[in-house]
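Chemist: Below are the chains, spelled out letter by letter.
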Amino acid sequence: MSDVPAVSLPHLVARRRAGRMLEAPFYTDPGIFRADLDLIFGRHWIFVGVEPDIAEPGDVMTVNIGDNAILITRDDDGAIHAMHNVCRHRAARLVSTETATVGRLVCPYHAWTYGLDGALLHADHMGDDFDPACHGLRKIHVRSLEGLIFVCLAETPPADFDDMARAVAPYIAPHEVANCKIAHQIDLIEEGNWKLTMENNRECYHCALNHPELTTSIFEYGFGFETDETDPVRVAQRRNYDAMVERSCAAWDRAGFPSTEIGNLDDMVSGYRIGRMPMDRDGESQTLDTRVACRKLLGRATEKRLGDLSFHTQPNSWHHFMSDHIVSFAVLPLGPDRTLLRTKWLVHRDAIEGVDYDLENLIRVWRETNIQDGNLVGLAQAGAASGGYVPGPYSPQTEGQVEQFVNWYIRRMAAGLA
Amino acid sequence: MSDVPAVSLPHLVARRRAGRMLEAPFYTDPGIFRADLDLIFGRHWIFVGVEPDIAEPGDVMTVNIGDNAILITRDDDGAIHAMHNVCRHRAARLVSTETATVGRLVCPYHAWTYGLDGALLHADHMGDDFDPACHGLRKIHVRSLEGLIFVCLAETPPADFDDMARAVAPYIAPHEVANCKIAHQIDLIEEGNWKLTMENNRECYHCALNHPELTTSIFEYGFGFETDETDPVRVAQRRNYDAMVERSCAAWDRAGFPSTEIGNLDDMVSGYRIGRMPMDRDGESQTLDTRVACRKLLGRATEKRLGDLSFHTQPNSWHHFMSDHIVSFAVLPLGPDRTLLRTKWLVHRDAIEGVDYDLENLIRVWRETNIQDGNLVGLAQAGAASGGYVPGPYSPQTEGQVEQFVNWYIRRMAAGLA
Amino acid sequence: MSDVPAVSLPHLVARRRAGRMLEAPFYTDPGIFRADLDLIFGRHWIFVGVEPDIAEPGDVMTVNIGDNAILITRDDDGAIHAMHNVCRHRAARLVSTETATVGRLVCPYHAWTYGLDGALLHADHMGDDFDPACHGLRKIHVRSLEGLIFVCLAETPPADFDDMARAVAPYIAPHEVANCKIAHQIDLIEEGNWKLTMENNRECYHCALNHPELTTSIFEYGFGFETDETDPVRVAQRRNYDAMVERSCAAWDRAGFPSTEIGNLDDMVSGYRIGRMPMDRDGESQTLDTRVACRKLLGRATEKRLGDLSFHTQPNSWHHFMSDHIVSFAVLPLGPDRTLLRTKWLVHRDAIEGVDYDLENLIRVWRETNIQDGNLVGLAQAGAASGGYVPGPYSPQTEGQVEQFVNWYIRRMAAGLA
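Residue numbers (UniProt numbering), protein chains in the order written: chain A, 1 to 418; chain B, 1 to 418; chain C, 1 to 418.
Since the hints were made in silico from the structure, they are not lab data.
Positions of the beta carbon are idealized from the N, C-alpha and C atoms, including for glycine.
Some hints could be false.
If you only want the chain C side, here are some residues facing chain B, beta carbon under 8 angstroms, derived [stated by the list, open to error]: (1) V86; (2) H89; (3) R93; (4) A111; (5) L153.
Reference listing, derived: stretches of chain B covered by chain C, where coverage requires no fewer than 3 residues with Cβ under 8 angstroms from a Cβ of chain C [unchecked claim]: (6) 93-104; (7) 372-380.
Let's have the full structure, built from the sequences with the hints guiding it.
Modeler: Structure representation (structure tokens):
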């Protein structure tokens with residue numbers, strides 16, 4: 001007669017069986033969902049957007065992480081700030097739109113007025129004892145990693161973000177995120193727990209059956225695929241792929257576009273993985289014809305065939321950097337069985353739609369792939385919420401990064417509960 | 001500050017007052033709803049459909065009992081299987097439609113492939129240590145009672161189902177359910193607790209005021225109606241009715257259509273009641289003009305006037321078998337205050353719509369009656385959920401079977417909690 | 001892993017910090033919402049409607065207070081009754097429409113029949129042992145305060161309602177509510193906790209920025225506005241206002257329309273405040289041009305310029321009485337974050353729409369003001385439910401009555417929990 005699972009969360013965390021999905025309450029229980037928000041999304045660096053979201057002074061974007069309504073602003077000096085989107089007087093949400101451009105943040109309720117850094121500048125009728133300095137907006141840690149914006153709600157954020165940032169900066173910097181514009185954004189609500197969205201992203205075992213558009217350019221071998229050594233066709237394919245990777249990477253490294261896969265997806269607090277992979281069909285970009293979608297190449301790119309720089313972060317993002325465009329994904333939990341997948345397509349800031357790129361061609365592959373993945377996540381949620389569910393085994397050959405994600409999650413939950 | 005009722009479920013069960021409705025939490029409390037799913041729907045034989053739902057090898061139907069998503073299949077040998085609709089790999093729901101016809105069950109996520117009996121036949125990339133025999137779909141007990149399909153989610157189902165089956169088979173068999181087809185199905189969502197749907201079904205005190213279509217053919221006396229001995233009009237009507245029953249039943253028994261009411265709705269674990277009753281207006285069938293809706297008679301029927309064989313099972317079904325068609329009702333709980341009433345109209349498998357029967361004429365009486373009952377259930381739920389509700393008394397003359405249903409429920413809950 | 005706040009309700013009540021908003025759970029927690037329904041709405045006099053809602057014998061109105069479905073009737077002798085809208089037999093809601101006119105109350109399920117006073121008059125088939133006198137509808141305390149109808153769900157209602165009634169009757173009586181008709185009603189659902197709706201109503205600090213229509217006629221000084229003595233413009237405005245009040249009130253008192261502000265919004269169980277204020281722009285009524293909306297003046301009114309008699313009650317109503325019309329507001333909680341604001345516009349019962357008044361002109365100011373307030377309440381709810389929320393300070397100059405409302409609430413909760 002209560003929603004509390006019969007088994008406590010610490011016990012569920014402790015008894016997690018390696019190599020398998022989590023037990024059902026991790027995907028369905030409202031209490032564990034709140035623990036996820038608190039211990040995972042409340043204590044780690046969360047990817048929320050990109051610098052082009054707030055390109056100019058006075059630009060403001062809003063984002064919700066669980067019940068935290070967050071404002072991210074660029075001030076007149078170009079600095080980025082993050083703070084709670086809650087007036088310190090009578091609690092009104094200050095900015096209700098996704099983006100805005102303002103001189104100051106004026107509360108719609110009683111006109112309390114804050115600077116872009118959150119300082120309270122003006123409040124009427126508050127009497128002599130009132131100290132504006134004690135009533136600024138509550139700040140949140142924010143970092144730009146070469147144009148990718150991460151926030152951390154904890155008082156003391158994980159320190160190893162700096163290690164990750166140092167390691168991945170050389171890979172990302174040449175694509176110059178800050179010199180991009182957002183050509184398109186799609187918010188897709190998936191009917192599943194956020195961890196199922198992440199698990200789905202971390203393997204390509206399902207690609208062949210489900211992603212006709214994506215598999216035009218993508219190699220499944222690029223996603224931790226261990227070849228079955230008893231299958232000669234697979235072994236030969238794999239050998240060709242490995243040779244291609246070696247050739248391509250050497251060339252990219254010489255051109256200033258690092259490629260070697262690095263990272264640590266399960267032991268680090270700020271778990272990540274980055275690496276550049278070649279494309280199938282001698283491809284240039286993740287489009288239906290594998291040719292670049294945008295004529296204006298990004299940053300320091302001088303040739304179209306730069307492969308796919310794939311960057312994954314725990315707990316909530318992945319990104320594909322190509323010569324001509326970037327696709328960036330943020331996973332934001334909405335409920336135990338609802339997740340927002342926010343996808344942004346970035347092109348060079350000077351690229352003109354209809355001239356330099358065709359929008360439909362730019363977004364088609366990942367728009368369709370996301371819809372396909374969303375359906376799969378919904379099917380998995382339906383099953384995990386069913387009476388007959390028992391955690392199944394991950395493939396040792398193709399689902400190693402899924403296992404790493406779950407390992408990371410379990411370690412971070414254990415640490416949070418300790 | 002919590003949803004847990006002040007009084008515990010075992011205490012509420014123990015203090016149930018005979019002859020009255022249940023206390024409010026039985027109709028409204030989410031915790032008791034979960035206990036209903038566990039102790040009633042998880043441990044008893046639940047009616048879910050009819051053999052014509054899966055007439056041919058490869059036919060599959062899906063049904064949900066609480067959070068149990070269930071597959072029911074007919075294999076190539078004609079055998080019926082029931083299993084959980086959850087892939088053993090990554091939990092995806094295997095079949096998302098209500099019905100399907102397949103050679104094998106292929107998971108849409110990673111193409112794990114199962115036979116119609118649930119055995120895992122194929123799974124890629126799982127390595128040498130993987131044993132398919134340990135990863136078949138989880139089975140559920142299933143039985144066909146002369147074409148009516150019941151499942152039981154418990155490991156050890158109630159044994160007295162066999163007693164019921166033996167007793168009722170001679171009544172049902174002559175109608176030959178397996179030689180029928182489903183002419184129509186309506187899923188009606190009632191805004192009330194499933195027990196209110198059942199209580200509503202178990203009396204006809206409300207018929208005169210609410211069911212103009214149904215009362216054309218139905219006698220209220222057939223539903224446990226005890227006549228007020230002080231009302232001479234009623235006594236006379238009742239005497240006529242009893243005489244008619246005696247005459248009709250003798251004839252039906254001779255013709256091989258048993259009629260005597262038998263059953264036990266409260267003491268048996270697999271509680272039931274069956275009996276054949278004559279119809280008003282010298283009627284043949286539950287239609288608006290009381291004439292048969294279908295020219296092709298069912299099974300061994302050679303005459304149209306076979307009355308109404310009414311079969312009730314605890315906790316979730318009732319059925320009307322007539323000479324020309326069958327109407328079959330399954331009650332499936334969706335939430336504390338939402339219930340699915342699934343109604344199927346069956347006619348002879350060779351009957352042709354528009355030639356042998358007019359669909360509107362076939363379904364009209366019960367479609368309208370269900371809508372009327374659904375509204376009444378909604379009104380009762382609204383009242384039971386209201387602050388001023390106190391359990392009212394059942395009529396000793398007309399609501400005896402309601403009391404039997406509630407007695408059965410209380411006994412089974414007490415047994416489950418013990 | 002549970003919805004129960006870490007801090008208990010009694011502790012949250014005890015530690016409430018004066019001069020500030022409440023802590024977040026008071027606006028968001030489902031358990032505290034239920035406590036509000038029990039201890040506040042279940043134990044105090046709640047405003048639900050006006051006598052013109054049930055002008056004639058046989059008139060019935062329904063209203064919901066939390067999960068209490070309530071019938072209010074006028075019997076053939078003109079007496080007003082309130083009772084639970086639940087049949088004593090099988091729990092059916094008796095009346096499902098907002099209003100009805102009936103001779104008797106007949107249950108739609110089995111035709112149990114009650115008088116307008118709730119007595120059970122008829123029930124079929126119930127046997128000899130059944131006593132109708134024990135099965136009347138359950139009664140609720142009801143009072144008409146000069147035409148304003150209040151109910152109390154408690155067995156023993158707060159006794160000081162009589163003190164309030166005695167004090168305010170001379171103010172309200174001359175407007176003769178019972179001789180009015182309801183020209184219009186709007187039910188607005190606000191996406192916020194009911195206390196935020198009340199807090200919003202109890203100050204006009206937000207009016208200048210948000211209510212262009214209302215501020216045409218209303219003075220912010222009329223709502224507990226303390227002038228900043230260091231601001232000479234404000235001091236002068238205030239002095240003019242005070243002089244105007246003195247002049248107007250003397251005249252109104254002589255004419256039999258009392259004006260002096262009286263009441264006690266925080267110490268009394270039946271907290272209230274009443275007082276008559278002049279209007280801006282030499283106004284007559286709360287319309288866009290500040291002229292009367294209805295040519296037929298109310299009750300004993302002989303002149304149009306009678307100001308605005310403003311009557312506030314804890315926990316859930318406010319009213320504006322003018323020479324030509326009355327606007328009456330009831331706040332009814334629907335959920336932790338949803339509140340019904342029911343607004344009725346009353347004019348003289350003989351006034352004819354299109355002749356004596358233009359409906360759009362009558363309702364425009366408060367219809368727009370309510371929508372504006374509803375949006376503000378929604379913003380405050382969004383903020384109070386956000387992670388970064390901390391209770392902010394009330395203005396000592398303009399939000400004194402908000403503080404009084406919260407003080408009253410905390411005292412009544414403390415008393416209820418004791």
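Chemist: Taking the hints in turn, state whether each one holds.
Modeler: A quick look at each hint next to the structure:
no. : hint    : in the structure
1   : V86     : holds (4 angstroms)
2   : H89     : holds (4 angstroms)
3   : R93     : holds (4 angstroms)
4   : A111    : holds (5 angstroms)
5   : L153    : holds (7 angstroms)
6   : 93-104  : violated (count 0)
7   : 372-380 : holds (count 3)
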